[in-house]
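Undergrad: Here's the letter readout for the chains.
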Amino acid sequence: DGGITQSPKYLFRKEGQNVTLSCEQNLNHDAMYWYRQDPGQGLRLIYYSQIVNDFQKGDIAEGYSVSREKKESFPLTVTSAQKNPTAFYLCASTSGGYTDTQYFGPGTRLTVL
Amino acid sequence: AQKVTQAQTEISVVEKEDVTLDCVYETRDTTYYLFWYKQPPSGELVFLIRRNSFDEQNEISGRYSWNFQKSTSSFNFTITASQVVDSAVYFCALSGDNFNKFYFGSGTKLNVKP
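Sequences listed follow chains A and B, in order.
In terms of the numbering used here, the first sequence is residues 759 to 871.
In terms of the numbering used here, the second sequence is residues 1031 to 1144.
No wet-lab data here; the hints were simulated from the structure.
Quick reminder that beta carbons are idealized off the backbone N, C-alpha and C, glycines included.
One or more of the hints may lead you astray.
What the hints assert, rightly or not - Cβ-Cβ distance ranges computed for the label pairs, FRET-style:
| # | chain 1 | residue 1 | chain 2 | residue 2 | range |
| --- | --- | --- | --- | --- | --- |
| 1 | B | 1033 | A | 798 | 14 to 22 Å |
| 2 | B | 1070 | A | 766 | 17 to 25 Å |
| 3 | A | 853 | B | 1092 | 21 to 29 Å |
| 4 | B | 1071 | A | 842 | 22 to 30 Å |
| 5 | B | 1084 | A | 837 | 38 to 46 Å |
| 6 | B | 1056 | A | 798 | 38 to 46 Å |
| 7 | B | 1043 | A | 797 | 17 to 25 Å |
| 8 | B | 1087 | A | 766 | 36 to 44 Å |
| 9 | B | 1071 | A | 771 | 21 to 29 Å |
| 10 | B | 1033 | A | 819 | 18 to 26 Å |
| 11 | B | 1101 | A | 828 | 40 to 48 Å |
Isolated chain A (complex conformation):
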């Protein structure tokens, strides 16, 4: 079955630690995205990537970093510079154009202790 997987589902981090959230897709999509969702709020774009080895900052990129070394993978690192990282993180992908539908993974819930 084609789809997007995110791991882990739940992640706990101590303050001052970097953590990496995994996002993998087997849909052969070119574009991938990371969003942050806070309780009762909408989605805010962190980073997106249109092709391998290329990515752009979204609206709230500070304190986050990404890489896109493979088409199917787009990991997100939440660094210690992110002041309030506790949130629900969603990864998405499209086949590449704005006309295409964005499909989402199941999400990772990050809690900073």
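Mind docking chain B on chain A? Use the hints.
TA: Coordinates of chain B only, in the frame set by chain A:
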């Protein structure tokens, strides 16, 4: 500027009632796409519909229907005979030819009570 507004933060209905979720958008693009997603308590966003700016036909899929009106920049979503399983947060989204960015509304939480 691109913007999606979902003015209804939360709606509560009793099962079998019809309910309409509002979505108003702003864009300068002549070609754009509108989407609706459902987010159940599990968290994953589930795609419901995509509509392009040149197709103003209303669409019906089972108990779901969508009303796209370019004149009022609205793309409203109606659930007929709501069911408890419809309880979720619903997001409206917009993408334009300034590529690859999708703009989401803040979501409407729908509570369907038995």
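Undergrad: Decide, hint by hint, whether the structure agrees.
TA: Quick rundown of the hints versus the structure:
A beta carbon spacing of about 19 Å between residue 1033 of chain B and residue 798 of chain A agrees with the range 14 to 22 Å that was offered as a hint. In this structure the hint that residue 1070 of chain B and residue 766 of chain A lie 17 to 25 Å apart at CB holds, the actual value being about 20 Å. Residue 853 of chain A and residue 1092 of chain B have their C-beta atoms about 26 Å apart, which keeps the hinted 21 to 29 Å range intact. Against the hinted window of 22 to 30 Å, the Cβ-Cβ separation of residue 1071 of chain B and residue 842 of chain A comes to about 23 Å, which satisfies the hint.
For residue 1084 of chain B and residue 837 of chain A, the hinted distance range of 38 to 46 Å is satisfied, since their beta carbons lie about 43 Å from each other. The given range of 38 to 46 Å is broken by residue 1056 of chain B and residue 798 of chain A, whose C-beta atoms sit roughly 23 Å from each other. The hinted window of 17 to 25 Å between residue 1043 of chain B and residue 797 of chain A holds, with their beta carbons roughly 23 Å apart. Between residue 1087 of chain B and residue 766 of chain A the beta carbons are some 43 Å apart, a value that agrees with the proposed interval 36 to 44 Å.
Range check, residue 1071 of chain B to residue 771 of chain A: Cβ separation about 24 Å, and the 21 to 29 Å hint holds. Evaluation of the 18 to 26 Å hint for residue 1033 of chain B and residue 819 of chain A yields a pass: the beta carbon distance comes to about 20 Å. Look at residue 1101 of chain B against residue 828 of chain A: about 45 Å separates their beta carbons, and that is inside 40 to 48 Å.
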